[in-house]
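Asks: For reference, the chains in residue letters:
Protein chains: 2
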Amino acid sequence: MKELSVYTDRIKNFLENYFSRDSLNISNINRWGMDIVEKFKNFSLKGKMLRGALLLLSTEMFKKMVTPGDVKVASALEIIHSSLLIHDDIMDRDLTRRGGKTIHSQYTDIFKDLSKQEAYHFGESLGICAGDIGFFIAFNILSESELASEIITSIVSLWSEELSYVGLAQMEDLWFSTVNIDDIDINDVAKMYRFKTSRYSFSLPLMTGAILSGQNERIVEVLKNLGEDMGLLFQVKDDELGLFGSEYKTGKPVGSDLKEGKKTIYIIQILHNTDKRDREEVINIVRNRDSSPSAIARLKSIAKRSGAIDDINTMFEDVKAKCMEKISQLPVDPAYKERLRKITDFIIKREL
Amino acid sequence: MKELSVYTDRIKNFLENYFSRDSLNISNINRWGMDIVEKFKNFSLKGKMLRGALLLLSTEMFKKMVTPGDVKVASALEIIHSSLLIHDDIMDRDLTRRGGKTIHSQYTDIFKDLSKQEAYHFGESLGICAGDIGFFIAFNILSESELASEIITSIVSLWSEELSYVGLAQMEDLWFSTVNIDDIDINDVAKMYRFKTSRYSFSLPLMTGAILSGQNERIVEVLKNLGEDMGLLFQVKDDELGLFGSEYKTGKPVGSDLKEGKKTIYIIQILHNTDKRDREEVINIVRNRDSSPSAIARLKSIAKRSGAIDDINTMFEDVKAKCMEKISQLPVDPAYKERLRKITDFIIKREL
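Line order of the protein sequences matches chains S and W. Residue 1 is where the first sequence starts when you use this note's numbering, and the numbers rise one by one after that. Residue 1 is where the second sequence starts when you use this note's numbering, and the numbers rise one by one after that.
I should point out that these hints are in silico values taken from the structure, not numbers from a laboratory.
Each computed DSSO-like pair below joins lysine-lysine, with the alpha-carbon atoms no more than 30 angstroms apart:
(1) W/Lys112 / S/Lys259
(2) W/Lys39 / S/Lys191
(3) S/Lys320 / S/Lys300
(4) S/Lys72 / W/Lys72
Short, incomplete list of chain W residues facing chain S, as computed with Cβ under 8 angstroms:
(5) Trp32
(6) Ser125
(7) Phe136
(8) Ser160
(9) Tyr165
Simulated restraints on C-beta separations:
(10) W/Lys191 / S/Gly100: 26 to 34 angstroms
(11) W/Asp22 / S/Arg289: 34 to 42 angstroms
(12) W/Ser115 / S/Glu38: 35 to 43 angstroms
This one's a predicted model, so the numbers in the text were calculated from it and none came from an experiment. Glycine included, C-beta positions come from ideal geometry on N, C-alpha and C.
Just chain S, with the same shape it has in the complex (with noise of 0.2 angstroms):
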């Protein structure tokens, strides 16, 4: 996205830069550190970095610059949010990521001489290791960024609360994809999503730019209320991406959502608005993880009939609607203001 590139340039640039630095402590540990740093190196850079970025303007939009130290922040989340997804490409037993093999899948490799089940499972250890590890780079990355001591504290303590938060909803996620749809109720799917996405992947870099900035806690609160909006109408656009989303524009297959028996509030908001004609039909497709073409156009045509579409656009336009009242509150520029417009705006148009 325009809006968030400038600063996406300046965390890739640090991170280049920390993990090809033959000084790193880590790399000298043993054969692993070395291969760690490069391991990071490669996977971090592929990121999209939307939550460094999103980091980065809140910072700026308060003070009006940049600093080196603010760009470390930026990067260590980065790191971490790589680390969550080396623990959940492993939970998921995913072997794709980010153009690339899955971490776990790099490490399954280097055990050819084992069984198949043995490599897969030494892979997933290791992979759980170089996880932990990234933990920990991304703390200590932040502790030494030389910003004041109170501002470092107060990230680890925002980051440690959330971050236990997105592992709770983590396991509620792991959880769902093991019952049936009929026994899970939205609301804790939408509970779910505020923990795993919204406040983490939007409230959280859009208040540690305000703790860096040194603003006051009602802006702090002012931004984590703009973020959980942010993030459900983010989640909900990629569970439609998921479901409806043409192969050639997300790079993922038609209906991998429902492949991979995830209980989307998109799914749950169709089968909740379809009547009793057609709500067997709907739940055969859930329940049998059928993504044919023919069971898509299926879902799209009960989902448009029921009206779920509908009232999934007006919950768009509402939601979008309290975003652009909390982003006008800002005491910020209005040149950030329309920023921050701009990408509510996209998040809800992106086609991938």
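Since chain S is already given, all that's left is putting chain W on it; use the hints.
Replies: Positioned in the frame of chain S, the structure of chain W alone reads:
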């Protein structure tokens, strides 16, 4: 250990209270929040609290008191240790720990409606999340300990660096378990021990105590070296108990290290001292993971005859002397020096 029990009790007291607070935000996020608080309470309270207690002893010997903030830091370290064990148990596929089921095996039980393999996968996945969450809970307690921000930042910096080394050493340990004993360099094992055990379990707690009491870098460095020596004694003694220890006393089956394919310094030292005649027999016992009483007895007799046990005992005496020398240099009351000496002595005399 008598010398540490006064500190252990304070940590247990904090953990008991912390994980019983209804006001704990984490309990109110979702069904997993309440559950994880309960699991961490039970699991962490069953630990020996060696690391937390050493941390408080180190704090007290410099500043003659231990504050509630210091106890929070020690408790945070114990929670991190629990998290490392949760992840280790997944990697080692261990089903019991601290006299009960491992955490991932407790989660596996929840998925009894799934196939055995699927249930185990989801159990492991929730275990990965639980370990991650423990790290974040610990950093949250640390950041909210109400100590000076400079102190908190220094501790975050020290811990995050050392913990990334622990992860790398764990990767090396996993790797060793998949290769032949002949292909392992004893220096690589010694390095693995240094970061997985010595620095983490001894240097880090001692150094944290020095940071909490505002000691200078020279003292912190002496404690780092003292911890490395104490840790080496601890780990090689652990190897000895894992190989020749009595099940009645250690709670682990005799020869359990052999059975698990662990490549300990103790075993490598035996192989190193053994002449051609016995070499093949030792390698066979190790390769076949043969922990039968007769194999253990043979190994012990070869170890004695070859001089390996004498060499290890000489090493114990040398390293112990180095510890005593460093302890005598510390600018603390003689009573605390005496405690450290007793702890060092206990490490190599213990039978469990």
